[in-house]
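Peer 1: One-letter residues, chain by chain:
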Amino acid sequence: MKDQNLYNYVLQHADSSLILGQRLAEWCGHGPILEQDIAMSNISLDLIGQCRMWYQYAAEIQDEGKSEDEIVAFRDAWDYRNVQLVEQPNGDFAQTIFRQFLFDTYSVHFYEMLINSKDERLAAIAGKSHKEALYHVKWSGDWVIRLGDGTEESHDRMKAAIDELWSYSGELTKPNETETKAFEEGYGVNLAALKEKRDAKIREILTEATLEVPESTYTHEGGKDGRHTEHLGYILSDLQFLQRAYPGQEW
Amino acid sequence: MKDQNLYNYVLQHADSSLILGQRLAEWCGHGPILEQDIAMSNISLDLIGQCRMWYQYAAEIQDEGKSEDEIVAFRDAWDYRNVQLVEQPNGDFAQTIFRQFLFDTYSVHFYEMLINSKDERLAAIAGKSHKEALYHVKWSGDWVIRLGDGTEESHDRMKAAIDELWSYSGELTKPNETETKAFEEGYGVNLAALKEKRDAKIREILTEATLEVPESTYTHEGGKDGRHTEHLGYILSDLQFLQRAYPGQEW
Amino acid sequence: MDIKSLEDRFNEKIDKDIRIEPKDWMPENYRKTLIRQISQHAHSEIVGMLPEANWITRAPSLRRKAAALAKVQDEAGHGLYLYSACETLGIERDQLLQDLHSGKAKYSSIFNYPTLTWADMGAIGWLVDGAAIMNQVPLCRASYGPYARAMVRVCKEESFHQRQGFEIMLTLCRGSEEQKKMAQDALNRWWWPSLMMFGPQDKDSTHTEQSMRWGIKRFTNDELRQKFVDVSKPQADLLGITIPDKDLKWNEERGHYDFGEINWEEFFNVIKGNGPCNKQRVDARRNAYDNGAWVREAAAAHAEKKAKKQQAA
Amino acid sequence: MDIKSLEDRFNEKIDKDIRIEPKDWMPENYRKTLIRQISQHAHSEIVGMLPEANWITRAPSLRRKAAALAKVQDEAGHGLYLYSACETLGIERDQLLQDLHSGKAKYSSIFNYPTLTWADMGAIGWLVDGAAIMNQVPLCRASYGPYARAMVRVCKEESFHQRQGFEIMLTLCRGSEEQKKMAQDALNRWWWPSLMMFGPQDKDSTHTEQSMRWGIKRFTNDELRQKFVDVSKPQADLLGITIPDKDLKWNEERGHYDFGEINWEEFFNVIKGNGPCNKQRVDARRNAYDNGAWVREAAAAHAEKKAKKQQAA
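Residue numbers (the numbering used here), protein chains in the order written: chain A, 1 to 251; chain B, 1 to 251; chain C, 1 to 313; chain D, 1 to 313.
Treat the hints with care, since some could be wrong.
Quick look at which bits of chain C chain B covers, simulated, 3 or more residues with Cβ under 8 Å [to be verified]:
hint : stretch
1    : 253 to 261
2    : 268 to 280
Taking lysine-lysine pairs in the BS3-like style, the calculated list, with each CA pair at most 25 Å apart, reads [as the list claims (entries may be wrong)]:
hint : chain 1 : residue 1 : chain 2 : residue 2
3    : C       : Lys305    : A       : Lys138
4    : D       : Lys180    : B       : Lys201
5    : D       : Lys272    : A       : Lys159
6    : A       : Lys201    : C       : Lys306
7    : C       : Lys181    : A       : Lys159
8    : C       : Lys279    : B       : Lys174
9    : A       : Lys159    : C       : Lys305
10   : C       : Lys309    : B       : Lys159
11   : A       : Lys159    : D       : Lys279
12   : B       : Lys159    : C       : Lys306
13   : B       : Lys138    : D       : Lys106
14   : B       : Lys159    : D       : Lys279
15   : B       : Lys159    : D       : Lys309
16   : A       : Lys138    : C       : Lys181
17   : B       : Lys138    : D       : Lys279
18   : C       : Lys305    : B       : Lys66
19   : C       : Lys306    : A       : Lys138
20   : B       : Lys159    : C       : Lys279
21   : B       : Lys201    : D       : Lys306
22   : B       : Lys174    : C       : Lys272
23   : B       : Lys128    : B       : Lys138
24   : D       : Lys279    : A       : Lys174
25   : B       : Lys138    : D       : Lys306
26   : A       : Lys138    : C       : Lys308
27   : A       : Lys201    : C       : Lys309
28   : A       : Lys195    : A       : Lys138
29   : A       : Lys66     : D       : Lys181
30   : C       : Lys306    : A       : Lys159
31   : A       : Lys159    : D       : Lys104
32   : D       : Lys309    : B       : Lys201
33   : C       : Lys305    : A       : Lys201
34   : B       : Lys138    : D       : Lys32
35   : A       : Lys181    : A       : Lys118
36   : A       : Lys174    : D       : Lys272
37   : B       : Lys159    : D       : Lys306
Hint data in this document are derived by calculation from the structure and do not stem from the laboratory. Small disclaimer: the values here were computed from a predicted structure and weren't measured. Glycine included, every Cβ here is placed at the ideal spot set by N, Cα and C.
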């Protein structure tokens with residue numbers, strides 16, 4: 001392994017994109033409006049595209065000749081480094097939207113800042129992904145507003161979604177050791193600075209949506225170091241089934 | 001393999017018991033009444049106990065030194081021979097009850113008749129399982145009556161459950177080649193005779209439950225020969241995960 | 001102008017292969033037939049998302065996952081074009097969806113079959129999309145303009161999907177014994193339903209003659225079916241898997257493959273509702289629609305609020 | 001008899017270790033304290049089903065699947081005994097459940113931690129049930145009869161569960177490197193929460209003194225915790241895995257193991273609601289209850305119909 005910390009840093013972003021992409025893909029064919037079914041597939045596709053860039057880089061850093069798919073298929077949950085937010089169930093459309101919004105407000109700033117990474121590969125991934133993240137946060141933000149400031153029912157559902165997911169928001173901007181080191185070494189992002197921008201964005205959109213920003217600052221954490229919620233295991237059992245059932249094949 | 005037809009016959013009953021037991025186990029901790037949570041665990045336990053006897057016998061017939069767990073864990077859906085009924089989702093309590101009732105009205109007569117099998121092992125499995133099946137059909141039948149002749153809502157839910165599941169009922173009593181041969185060779189059950197008894201029981205209970213016996217005789221089929229619904233794959237990806245992720249271990 | 005003259009003019013356009021456009025006069029039966037045909041096609045795209053969506057979360061590689069997702073998304077897009085084409089005939093998408101959910105409107109019966117292994121993603125692309133293209137390419141010249149233009153876009157993407165499906169099959173057929181068995185199994189299950197996609201035999205087909213005259217159908221069911229068999233047999237040979245029809249053989253005299261009798265009882269049974277997944281498919285679409293009602297209401301309510309604010313400002 | 005005499009008689013029974021029975025007079029506070037303690041215990045059994053139920057469908061063998069199912073079923077049974085014991089104090093199960101769902105009633109915080117691998121089924125049996133038994137065995141001699149008798153049944157089954165859990169750990173520890181890692185990881189995650197199961201330190205414990213006097217608590221939190229550590233350390237050694245506490249070492253003088261400082265901030269945080277699974281657990285129970293409302297109503301309605309018919313006959 002060339003650089004364990006870089007590998008972990010790359011893997012945690014790869015895993016978050018993959019798992020959120022996987023969750024969104026569950027909507028495919030079941031969206032509330034055909035146009036939004038397409039939008040969710042679009043974002044899922046972007047996320048899967050992003051995770052592939054991340055995994056390919058991870059495989060190079062790891063330098064054991066593994067493919068992206070081997071990295072995906074042959075790790076159990078404890079070796080996954082995604083944030084806990086992205087493994088939360090789709091719930092209703094409000095919950096999916098709010099999960100996406102919490103992620104997008106992070107990722108749009110993350111990629112914006114990562115463009116300045118001294119690691120060229122990271123900067124390149126960021127450049128491509130940032131454009132996509134801009135579209136994602138526009139989409140999810142618009143829906144937060146539409147649902148928050150829509151009908152009484154949609155407002156209540158948004159409130160329930162916030163209640164359900166708020167405590168998974170903080171992990172995104174709370175640096176673990178890997179991220180602290182990545183920032184110190186000049187290839188990672190300054191999460192404290194990111195947090196300020198993101199908090200402002202969240203506040204702006206929730207206010208426009210006539211929703212309140214919760215006061216609680218308690219946050220679940222550990223996903224980035226392999227400690228997950230009970231949901232991830234089930235996600236992986238589907239995600240990895242074919243590779244595990246028929247290992248070593250081309251597909 | 002000593003006897004391929006006997007093996008298939010045994011396997012199809014093993015698989016049906018396992019998958020229904022697995023489905024019932026999903027209720028564990030989530031039942032509508034604590035006492036019924038316990039009852040469902042009980043039936044699930046009986047079914048898993050039954051499938052173990054079947055699988056152990058299957059392993060002996062196969063004579064390749066496989067354990068019951070290897071037979072369970074390392075077959076993909078197309079090699080599973082359970083009826084399609086048992087892989088149907090739990091749905092609400094009415095749906096779970098009606099699925100159980102359709103299965104129990106079959107299995108109680110199946111085991112009753114299998115006691116006379118010329119194959120001593122089958123007769124022994126039947127003797128033990130018949131007592132359990134008597135309790136199961138009493139439980140599910142009582143609940144069909146209670147829900148059918150309960151409130152308007154419960155009546156409607158039972159009707160919806162019948163609508164959902166009726167077309168999966170017929171496969172149980174429609175012999176496939178394996179079953180026809182098993183009957184001809186004297187170790188299997190006469191499904192035509194079983195069907196008569198079962199139909200009468202279904203009619204009796206549904207009538208008491210103020211529910212109508214549907215007229216449609218169309219039935220899904222193929223499960224007993226490895227053609228399933230889209231549900232089975234997902235069941236197996238959880239059921240087999242650990243064995244596939246960490247093959248060849250003791251647990 | 002009186003009806004007679006309008007009809008003459010309409011027929012003249014049809015004869016000269018001039019496109020009918022939404023604002024043009026058209027016979028009521030033409031309009032109704034088109035709505036039935038286009039909406040049935042749109043519904044098929046939307047319902048057709050479900051069997052393939054079933055394997056997206058379990059796709060065996062990230063590349064395949066992305067391709068599968070993109071493909072199903074394309075189908076949603078096709079549904080959109082076609083619903084829009086239908087709306088030019090004076091009917092709302094919402095009404096069309098309600099007809100789908102109530103069972104009044106039909107969709108292609110092929111989607112009432114389940115996807116049981118990953119190979120089904122290959123077989124559907126290869127055979128089902130292949131059959132669809134054969135049905136659809138002639139419709140790029142359909143007499144109704146919006147329909148024809150929608151079909152041009154649809155066909156372009158479908159043939160990409162078809163190649164992709166074939167490539168999935170090819171990969172499996174070059175893979176392990178189990179993978180090859182998976183491919184053969186998928187061919188076994190999808191072959192006959194694919195042949196049924198072309199509809200009943202010409203002698204039993206009710207709408208064909210009028211539709212051909214109107215230029216919204218260009219070849220008969222049996223012609224297209226024959227063409228499909230002729231194209232598919234060499235492809236199966238290339239893959240090294242066997243079409244499950246012992247009567248399939250080259251007929252030198254006809255210059256076509258002969259093939260066995262289709263199980264029309266199964267065909268009509270599935271259309272009647274007794275297919276493996278009919279209830280499941282319609283329930284899935286109805287649930288998506290019903291569970292989305294509050295979302296559509298919220299979007300409408302918000303748009304209204306916004307419009308009012310802009311008016312006030 | 002006046003209150004004073006009743007109280008004297010009650011206290012006399014307590015002093016003589018004579019059981020208090022439902023029909024006996026008892027101080028209101030005794031009754032309330034018992035309801036709180038027994039219902040909390042009942043709720044813990046019911047909520048405690050959830051983390052283990054999470055691995056039943058994924059159990060690695062049929063034998064383990066059956067054992068896991070039977071174990072969780074036993075917990076439901078314990079819940080039943082304890083709710084019944086509580087009902088003898090004049091409160092309905094339905095009220096108790098509502099208090100659980102509203103957050104008014106508590107349950108053991110340990111069940112707010114997730115089960116992340118199969119090894120957690122071992123660790124819960126070994127450590128969590130082990131700690132529970134240490135808490136519960138003395139309660140078989142609790143002053144309130146129905147409670148004491150319920151505890152006798154509970155403890156018998158719990159110690160079976162505890163051995164089963166240890167045996168799961170032992171199998172893993174004798175297995176592959178990955179399995180051993182799984183066992184160690186589970187110990188790492190469950191050790192400290194298990195120590196917290198004995199409640200706050202004696203100096204911070206509010207109810208202890210009165211409860212000890214009433215004979216519904218027999219040892220202090222710290223005494224039981226020490227006992228648990230003393231028993232568990234050699235077991236971990238036997239398994240060949242390491243308790244995640246660098247301060248854990250034998251103190252020859254005390255005749256006990258010394259151990260590190262518990263993270264009481266985490267303890268109080270989880271009790272306050274900020275544990276990994278608090279919301280998920282209570283939601284799961286509330287949903288089961290709410291979704292089951294129509295079933296309970298139907299059962300009641302049918303029972304009434306049946307009773308009327310029998311009366312009429």
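Peer 1: Each of the hints needs a verdict: does it hold here or not?
Peer 2: Verification of the supplied hints:
no. : hint                : verdict
1   : 253 to 261          : violated (count 0)
2   : 268 to 280          : holds (count 6)
3   : C:Lys305 - A:Lys138 : 20 Å, holds
4   : D:Lys180 - B:Lys201 : 52 Å, violated
5   : D:Lys272 - A:Lys159 : 21 Å, holds
6   : A:Lys201 - C:Lys306 : 21 Å, holds
7   : C:Lys181 - A:Lys159 : 51 Å, violated
8   : C:Lys279 - B:Lys174 : 22 Å, holds
9   : A:Lys159 - C:Lys305 : 20 Å, holds
10  : C:Lys309 - B:Lys159 : 49 Å, violated
11  : A:Lys159 - D:Lys279 : 15 Å, holds
12  : B:Lys159 - C:Lys306 : 45 Å, violated
13  : B:Lys138 - D:Lys106 : 37 Å, violated
14  : B:Lys159 - D:Lys279 : 34 Å, violated
15  : B:Lys159 - D:Lys309 : 24 Å, holds
16  : A:Lys138 - C:Lys181 : 46 Å, violated
17  : B:Lys138 - D:Lys279 : 37 Å, violated
18  : C:Lys305 - B:Lys66  : 67 Å, violated
19  : C:Lys306 - A:Lys138 : 17 Å, holds
20  : B:Lys159 - C:Lys279 : 15 Å, holds
21  : B:Lys201 - D:Lys306 : 21 Å, holds
22  : B:Lys174 - C:Lys272 : 22 Å, holds
23  : B:Lys128 - B:Lys138 : 17 Å, holds
24  : D:Lys279 - A:Lys174 : 22 Å, holds
25  : B:Lys138 - D:Lys306 : 17 Å, holds
26  : A:Lys138 - C:Lys308 : 22 Å, holds
27  : A:Lys201 - C:Lys309 : 23 Å, holds
28  : A:Lys195 - A:Lys138 : 18 Å, holds
29  : A:Lys66 - D:Lys181  : 23 Å, holds
30  : C:Lys306 - A:Lys159 : 21 Å, holds
31  : A:Lys159 - D:Lys104 : 22 Å, holds
32  : D:Lys309 - B:Lys201 : 23 Å, holds
33  : C:Lys305 - A:Lys201 : 23 Å, holds
34  : B:Lys138 - D:Lys32  : 41 Å, violated
35  : A:Lys181 - A:Lys118 : 14 Å, holds
36  : A:Lys174 - D:Lys272 : 22 Å, holds
37  : B:Lys159 - D:Lys306 : 21 Å, holds
The structure shown violates the earlier hints numbered 1, 4, 7, 10, 12, 13, 14, 16, 17, 18, 34.
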